[in-house]
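Novice: Fit chain B to the given chain A structure using the hints.
Chains as they are written, first to last, in our numbering: chain A, 26 to 531; chain B, 889 to 1175.
No lab work stands behind these hints: they were computed from the structure.
Each hint should be verified, as a subset may be incorrect.
[Said to hold, decoys possible] Ranges of calculated distance between the beta carbons of each label pair, as one might list FRET restraints:
| no. | chain 1 | residue 1 | chain 2 | residue 2 | range |
| --- | --- | --- | --- | --- | --- |
| 1 | A | 406 | B | 1006 | 41 to 47 Å |
| 2 | B | 919 | A | 398 | 44 to 50 Å |
| 3 | B | 1035 | A | 398 | 21 to 27 Å |
| 4 | B | 1030 | A | 58 | 22 to 28 Å |
Where is the CB? At the ideal position from N, CA and C, for every residue including glycine.
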Amino acid sequence: MIVFAAACSTGAQPQEARPAPGKGGAATVVLGVEAVRGLDPAQLFNLTPSGDANRLSAIFGLLFWSDASTGEVNPGLGESLTASGDGKEWTMKLRPGLTFSDGTPLDAEAVRFNYERIADPKTRSPLATLVKGATFEVSDERTLVVKLREGNRAFDRVIATSLAFVGSPAAIEKDPAAFAQQPVGAGPFMLKEWVRDDHMTLTRNPSYYRQGAPLLDTLTFKVIADPAQRVNAVASGQAQAAVTGSDLSFIQRAKGSGLQVAQAPAGGGPMLIFNTARAPFDDPKARKAVVLALDTKEMAQVVDPGSTAPDSLYGASSPFHPSASAVPAQDVAGAQRLLDELAATGKPLRFTVSMPASGFFRRTAEYLQSRLSRLRNIQVEIEVLDNAALDRKVFTNRDFALSAQIVPVADPEPNLYKLLHSDGQTNYMGYHDPEVDAALDRGRDSADEAERREAYATVERLVMADLPVLPYRSQVAYTVHSSKLTGLTLQGDGSLLYDRLGLGGS
Amino acid sequence: MTAPLTVPGAAARRRRRPGPALWLAGSWLVLLALLALGAGVLPLAAPDAPVGGPNLPPFTAYPEVLGTDGIGRSVLSRLVHGARISLAVSLGATSLAAVAGGLLGVLAAYLRGVAESAIGVLLDAILAFPPLLLLLALAAVVRPGVWTLVASLGLLFVPPFARLAKAAALSRLNREYVDAARALGAGHGRLLFRELLPGCVAPVASYAVVMAALMIMMEGALSFLGVGIPPPAPSWGAMIAAGKDFLAIAPQLVLVPCAAMFLTVLSFNTVGERLRARVDTISGGAP
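Chain B extracted, bound-state conformation:
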């Protein structure tokens, strides 16, 4: 049993101090999370009540520094409340996919045989559906909302997590500490949950951060297509969809939520990449 090969120096490079990009990304995510959590108590206008004339440009009025939308509602308030919905959908769906996928993957790796084949067929079946088409079909049957979005997006992204967890579990199945536990008479439950699962948490968690960014974009795409969060609840995708009708006269209605989505996705990706590099280093470097 040899330790996996690592390129000398690569680990050291990855272990360098966090740069400004990471700090910025982290700060944006923390700020966003605080705003989303505090949306109810912050001194913001109600997201579905008019505060002034329609299509007020940004930076012309206080406290509506981001102006008003086509209906005269506060863009700032809708952006913050939209963050709440977009983050809830993104984190909820990612958690669901990570937990379900992680468990399925570890189970498949541990049980092998028929169970592994059954789980494999199930995952392949989910993967074989074009995701957007499946989501559109689901939206036609069930009434769209935060919970249905979380459930359907979560279900769709079970397979990548399951495969990742299975790969991580397989690489640990033959490690000495697992053999030792088995020799000491550990049962299935103990082997699964105490020995195998903890090793899979790090890769799954780091991947989840990257997936969270993808989920935000999926929610945006669905709301843009009109099958996401129904009005008047604000979500970033719905804000972009509503603003596109006024692109010629009020481009800020599209640009503001687009910028928010761009920054968030970029931040999740920056943090996610960094975490993944760390996890690779840990699992690659330490036996």
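Looking at chain A on its own, in the form it has when it is part of the complex:
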């Protein structure tokens, strides 16, 4: 018996340190930013993979989730989501017998409670506009009917990206202020310990709806600010996965260190955003001059070595991707002509590039400054801001001329709509074009694929002519991980589905 056991353990040596999926184990995932405002589904603040999206996914699970590449909506805690013909009435069906980790039921009533809390002006939820004017009716224990004020055939994508997390009504009612610090959800993991700016320890939720899931016993989120150190943490075995953030150059670095990379190419990505609401970029000529002066291929290579430049707003695998490049080609002489014209009318182009301090964005700013300064009648200053200052200046007060933001576009809905529609949530450019609005509405409200294609081709044509934004590096959502960690599925903008993670790899 002893001999047998010994022989067995020798034979299974490589397996021993890492239990097969379903046999527990602990994994650590490194993120870049602490959840400074806590984790409240009504107060989504930094829904990026290196911020809160991964934490929320682990604690709350997702009612529905969208594929990071295609935007296709898949069932999670919810079972089905169907629209009426005009997209005004949506019926959400939940899986049977769902409970939150505090034992209270996750039923249609609980979802209604969460959505009404978001709509309540007192909550001051940034998501309130998404459910403005909507009513919620519980038709039976597992069925919620959402009646929208205006038809939206893409509302399932809105739910999958922004309204996918629901918290326990009992816990929220008990102490709404404390809920963000002690979140209770129905996701695969429960919060056990949270040491701010260092780590967050979660344990397996035994009442999770899927039998045998999650596979891990313990999940730890660590915060490391420097992206290179995040990769190093995985390479040295301190962590099993790392979300490195926006720089694609870390993909090569991680592979060079013998790590695996789960990736999902999408559309959109980092974009230059021009403030179209004020001088100098309220003049399309000024925007065009800047864009024509740039060689986006070189720009992508320089600001993020190893990456490529996008040739469209839509990703290569998207059905909306055009056959020929939609991005204006570099034309330095044309740019100079526009700049000279601007100078001749007494408005020589002068502006400041406001950028976050991270390496990628700082290089973007320096690249713009160095390349544009080669032309005449243009003067470019750089301003590198820390996150708080940037948030205030660019995204709250809109006191900027040229900045950048990352907008991943899997399906054009909802992110492209939010970016370019006159009352879009991320339209920091103050961009307003009735034709673009109409085309975006057409694309959203149509069930017909051909009509959607036509609508989004129109959006791209108008945007690439008017240039409120310029995508300048192709988007790839990715997570670096050790070969031991398995089951990495990227959803949304690139966060993981935590009920599938296991330590079964080699």
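Specialist: Frame of chain A; chain B shown alone:
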């Protein structure tokens, strides 16, 4: 009144001829100063304009013998223009600290009493702040730039100079020549500026050279943390910070400015040590 004790032979040892290390250090500093002063007229590419592809390795192209950085700008040009900024910050902040600290120290030594206590409390208060933290806090409030760096670094390093000057002034306060001046009816101004201050210049100046090296490192650290000189102006610290993202693919982007900073700091320290040895010999040996 006895002359301070000196170890026989020590002074003679210190007074030996300058060795090769000192010559090398001096030459490097002179070369650097010439380059920094002449950055505008030297045939160099503009420090913020691209001259070629990104991350060109050193010694592969002429005239860009140090290659290009991640944006395609000349590393040589940025290094020379960076020297200008790094030296300006370092020498500016050191001068400010030396002058302000020297005056405060001599005043404290001469006035004694309440003034001495007040100055002491002020200096202790400055010393009590963790320097890097204070600089980071300052950078959050005022827009970073050469002048704000000079002012904040200068302010931070007033106390060591003040203490040095005070010690030097105290040791001279009871010398015969000061008593003689006082007996002849010299006023406060004359005693302070003609009798006490000149004696403090040598120790303060020799210490300043060593501090200049420290200032270069402080400027580097601040720029590395992103609160120093804002881009696109080149400073050595900012160059190292920008290069660290490419450490795996283009280590020269970090190594070149690091080498420049290393040589400069080493040179300042070598020269500073030598000067201090000389000053100690002078003040110790001659009554």
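Novice: Next, verify each hint and record whether it holds.
Specialist: Here is how each hint holds up against the structure:
{"no.": "1", "hint": "A:406 with B:1006: 41 to 47 Å", "result": "holds (43 Å)"}
{"no.": "2", "hint": "B:919 with A:398: 44 to 50 Å", "result": "violated (29 Å)"}
{"no.": "3", "hint": "B:1035 with A:398: 21 to 27 Å", "result": "holds (24 Å)"}
{"no.": "4", "hint": "B:1030 with A:58: 22 to 28 Å", "result": "holds (26 Å)"}
Hint 2 from the earlier list is the only one contradicted by this structure; the remaining hints agree with it.
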